[in-house]
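Numbering-wise, the sequence shown is residues -21 to -1, 1 to 543 according to mature numbering (1 follows the signal peptide of the UniProt record, and there is no 0).
Since the hints were made in silico from the structure, they are not lab data.
Note that the structure is predicted; figures quoted are calculated from it, not measured.
C-beta: ideal position from N, C-alpha, C; glycine also.
A portion of the hints provided could be inaccurate.
To be verified - Heads up, simulated SDA-like pairs for lysine to any residue below, C-alpha to C-alpha not over 25 Å straight-line:
id, residue 1, residue 2
1, K21, I271
2, K21, C180
3, K542, E419
4, K21, D166
5, K122, R254
6, K232, S314
7, K415, R356
8, K282, N251
9, K131, R254
10, K194, Y287
11, K187, L299
12, K21, T275
13, K192, D161
14, K192, N274
15, K424, S94
16, K527, D326
17, K131, T249
18, K145, K282
19, K192, S290
20, K524, L407
21, K90, M448
22, K306, N274
23, K524, T418
24, K21, K192
25, K466, P328
26, K194, C180
27, K538, I48
28, K90, D390
29, K373, R356
30, K21, N54
31, K21, Y287
Claimed, not checked - Pairwise CB distance ranges, derived in the manner of DEER restraints:
id, residue 1, residue 2, range
32, F129, N189, 14 to 24 Å
33, G357, P324, 34 to 44 Å
34, P83, K373, 35 to 45 Å
35, L474, N426, 17 to 27 Å
36, Y353, T321, 49 to 59 Å
37, K131, R298, 23 to 33 Å
38, C18, R298, 24 to 34 Å
39, G84, G285, 34 to 44 Å
40, R465, D326, 17 to 27 Å
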Amino acid sequence: MKIHVLVFGLFMLHGLIRSQAALVRYNFVVQETSYTRLCSSKNILTVNGQYPGPTISARRGDTVIVDVINQATQNITIHWHGVKLPRYPWSDGPEFITQCPIQPGARFSQKIILSNEEGTLWWHAHSDWSRATVHGLLVVSPKIGTTFPFPKPHAEIPVILGDWWKNDIQTVMEDFMRRGGDPAPSDALTINGQPGDLYNCSRLGTTKINVDKGKTYMLRMANAAMNNIMFFAIANHELIVVGTDGAYTKPLKTNYLAISPGQTIDVLLTANQPRGRFYMAAKFYNSNPRSIFDNTTTTAIIKYNGKYTTSTPSPALPRLPAFNDRKASTRFTSSLRSLATTDHPIDVPMTISRKLLYTLSINTLPCASNTTCYGPRGNRFSASINNITFDDPKTSLLGAYYRRINGVYGDEFPDNPPFAFDYTAINLNSSLQTPKNATEVKILKYNDTVELVFQGTNVVSGIEHPMHMHGYSFYVVGSGFGNFDRKRDPLNYNLVDPPLRQTIAVPQNGWTAIRFRANNPGVWFMHCHFERHVSWGMETVFIVKNGKGAHERMLPPPKDMPKC
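Whole structure, please, built from the sequences with the hints as guidance.
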């Protein structure tokens, strides 16, 4: 049965009653809309005039058609973050990787094929820095006849963390790229698009969430911020993590969360405190003292229903970790475990056919003549994977692969760094800082079992890297600080209940090992989800070749693919 749904605004989410494997349809009109924050107004890109954008609701196994209509004045693409899109990369969205952008006045009907995802995902723009305001939740509920692996919550509440610039975001990006240094920091952080009580001109708009004492709610969370991991907590309330990145986890009780850009988390909140008002709050985590960031705190209010008097004029604030608490960030991330039950099994590859080691580095490039750059020693910042700064093509890489067009990309992305060194040492030789510019991809055979170790480096300066892979979820089987040891570290892998993720924060000057089976043919982007690092080139592409079976081959493109 086909359902036409147009969602307006953020709301308490609920399932739609319909038959199994439904076809759900949405209209997304991309347009400029005036919004006022922090005492000033500006036009921002929105979907259907909403910031954050509308929530897509579907059930496991459904197909969603989103008719994207670009009524704005700039190009746009939309990515369905965490959706694997089996055999159908055509709707994945990254600009010039799987499609040319949707130009002003054009439209594109994107088919979102859901498979085994269940939980909270999200969607966002994937062209320039438009995702700062063009984003929203994508909620995948259990199939009819099944339920959550925990008592059904009383209600589901969207919580989208983000950031806000007073300046136009396109101008912020263009200035950042022209100057070659760090981008200007945001002017505020946001919860559901609102900065909260602690900022000027923001008290009236503060997000407020009403709860009933004794009832349990599920927060469906996403970090839509551009360049930072965030700490999150609710005053006087314990949180129970039950899912992340569209997969269930063993219940994890915690007083705070560390959530990376691109990551989603499902959290149970029980309203078990004396009736009153309590702040939920979020702030940036930043481990690198050289990095400029917005060191402010966004708040929303949890308000208990009923009559009561409060002893203080302001709600209680939660205790968040210090902004540079590296241990708090890594401790939370490494505590997550897959549910690994009969109803929600895992399938970790045990025999590995491809072993890859990818270094993640901040680099520098010489400043062009007769210009001034604001990176280290007057150079421009760059970034790389295995010392290759990805050079974005000017046409669809997927289209070139499908149509066998030569000259768009190379297929010699290395399995290992081009040279070995002490990746996390202090004061590394400056000769390591200059990367190679290239459009190189990694070719995988269908059903390759892959172990990929991300190795952070201290080239220029070490920092976390939330690595995101399109088209796949992967098992995080290990992580640690320092250099990965191929003989020692795999002995401590978790192959019993590793979390299933599609975005993982590689620790500062550390490593993370993931495993996946290459059973989704197509062209799939992989990149750091810090937007400044993507702009600097910390990205690459996996091309997974077709298998031999009829259902192991990439599907053909739709007729309305955008033209370059």
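Open item on the list: Of all the hints numbered above, which does this structure not satisfy? Sort the numbers upward.
Closed with: Hints 5, 13, 14, 18, 20, 24, 26, 28, 29, 31, 33, 34, 39 are the ones this structure does not satisfy, whereas the remaining hints hold.
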